[in-house]
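Taken in order, these protein sequences are the chains called A and B.
According to my numbering, the stretch in the first sequence is residues 109 to 476, in order.
According to my numbering, the stretch in the second sequence is residues 2 to 329, in order.
Read the hints as simulated data drawn from the structure, not as lab findings.
One should not assume that every hint holds.
Rough simulated footprint, nothing fancy, chain A against chain B, three-plus residues with beta-carbon under 8 Å [stated by the list, open to error]: (1) 67-77; (2) 81-87; (3) 140-152; (4) 172-183; (5) 282-294.
The beta-carbon is built from N, C-alpha and C at its ideal position, and this holds for glycine as well.
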Amino acid sequence: MKHAVSAAGIAIALLLAACGGTGSTSPGPASGGATVPTPPAAALTGAGSTFDYPFFSAAFYAYNQKFSQVTVNYQSIGSGGGIQQFAKKTVDFGATDVPAKDSELQPIGAAGTVQMPVTLGTVSLAFNLQGVNDGQLKLTPKTISGIFLGTIKKWNDAALAADNSGVSLPDQPVTVVHRSDGSGTTYIFSDYLSGVNSDWKSKVGTGKSISWPTGQGAKGNEAVATTIKQTPGAIGYVELAYVLQTNMTQAKLQNKDGDFVLPSPEGATAAAGQYLVTSPAQFSIVNAPGKDSAPISGYSWVMVSKDQTDKTKGTALVDMLDWLVNDGQQYAANVHYARLPSSVVQNDVAALKTITSAGSTLLTVGAS
Amino acid sequence: MSQGTAETVVPVPPVMLRHRRHRVDGDRIFQCLAISAGILVLAIAAIFLLALFVPALPAIREFGLGFLASRDWNPVSLRFGALPFLYGTVITSLVAMVIAFPIGIGAALFLADDARLPFIRVPLSFAIELLAGIPSVVVGLWGLFILVPLMRTSVEPFLSHTFGFLPFFQGPYSGSSYLTAGVVLAIMVLPILVALSRDVIRAVPRSLREASLALGATKAELTWSVILPYARIGVTGAVLLALGRALGETIAVTMVIGNRPGISGSLFAQGYTLPSVLANEFTEATGKIYQGALFELGLVLVSITIAVNVLARLLVWRFKGASEASVV
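Just chain A, with the same shape it has in the complex (with noise of 0.2 Å):
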């Protein structure tokens, strides 16, 4: 039934592309500046990284809201199963936390995929400890390393006190909460780590599951949440959006300009603007330098077939994703995602335009 209206909608729409009409849609006024095009029908499908999942539906709403032709079916299925479902081409674009290897990509491989960034997030060090608020807590790279690999044990250990003068902390153990379940923000922080303590990164590592020094383990953002919350003396690291949706206590990170900052989208965006190249090759942008980049944040990408061998679908799909990474932004805002820088975008649409079917471009009306 479905794919009888959407066969008989693409019909429609090509029928008006050769007369030079413009459907039943009328172009929507293009609120960034951007022009965006009028994409052809078609129902298109996305799997893999749970991280995007709040930004896409929002975004593939109003997608749909605007270009009503276009429908956008993204399941959530992590990020391993969205590489493997995009190389298998179950899915017409597969969504990743961290760049997909070219093993990870056969058959398709990594010379056949574009990879873009599509969303910025940002970590955050929730914590719950009697009588300190929100912001009050100031921790180092130093110091949060020294939690996380289990050499500070208490909240009053010397290191901590040092850098919260004014802040009483208590006689208690540090209680570590991490992710159980394999995830792009376990990567991000892990990574961060990794980049700031020389121990860290020759004993535990970076990766989207790691063998924990110290603390205990809860599946998903809502069960560390939920630890956290019920237990005295907890910390742990929690995806921004989720921490500023509950109401957690956060702690300011210092970045490594020196400065003390709250994590925050801005302060993700500003971190990713300090970098000129971002590629699947070279994405990291943990402890960045500048005064408000947020210090433990990371892109998320989705990854395109370079060759599209159906050209309608394929020209929905590179005009879907050129809005995403213009206008669709706005709605990464609204789900506390970060903006993606304009540098970033600007690689993006390039990328956008190598995207192919039966040897011409897609991308008509590059917005850039």
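Chain A is fixed; fit chain B onto it per the hints.
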């Protein structure tokens, strides 16, 4: 067709023959269908095991038998071992059985005795069926939001204070522990244990009960000397089936066990189970060795549960007779 000649037997051999041949064909078709359905079930089981075994091969080749003995679980350096998960699975299931067994058998004895307190027995039967119907994720949420804080603030401090001389009630406690997971599992296996044990106890011949009562045995003597010895094998089967359920339980355990791949003698420590690590790490696992190690854990889990289930079914069948084996 021919009205009024109902009494008349009309011999029409060709029709009979055709009819008979039809019936033979129908039987054959049915037999073929039944056999292929049977083979299909076997094939599905075989394909299922193969589908676990083939992706597990890279890890089996890499780690060999050492996989079962290694304590390492490090997705970054790709060193994998199953021991902490095996240990956690076994310990939590044992704790569950230790808690559930006395309660379950007690309730089963009570329920099997039709004469006593029908106004409690009926709601109890209903409550047990209700308990069996609660989805495990709901039990898990209850565990996370209610049981974990309760364990941390009341139960574990009490055990630590009162029984702290025992090695398994020592060390720091945080609510998430082997013990909490065991309690959650005990609640989840209780309905199976009660329902099966009740049936087994009811199957104790009436003549035996009445004979022992006639000889002057008290209710307690009847239970201890006649009913329980007679029902022993069946109850063991029920326990093993409940154990099979406990071994495979995933989400409820994941929420309360602390997900820490360690091995500790204290029940207050955080641990990890085979199903939990699969649920936690599968979605984001990439690379042949890492995924292979997870598949191998799946294979280990399936082997354990199949072994326990086969043993349980054999025992229950032996007791009740194959015709009566109504196994959950």
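Status of the hints after comparison with the structure:
no. : hint    : verdict
1   : 67-77   : holds (count 5)
2   : 81-87   : violated (count 0)
3   : 140-152 : holds (count 4)
4   : 172-183 : holds (count 4)
5   : 282-294 : holds (count 7)
Violated hint: 2 only; the structure is consistent with all others.
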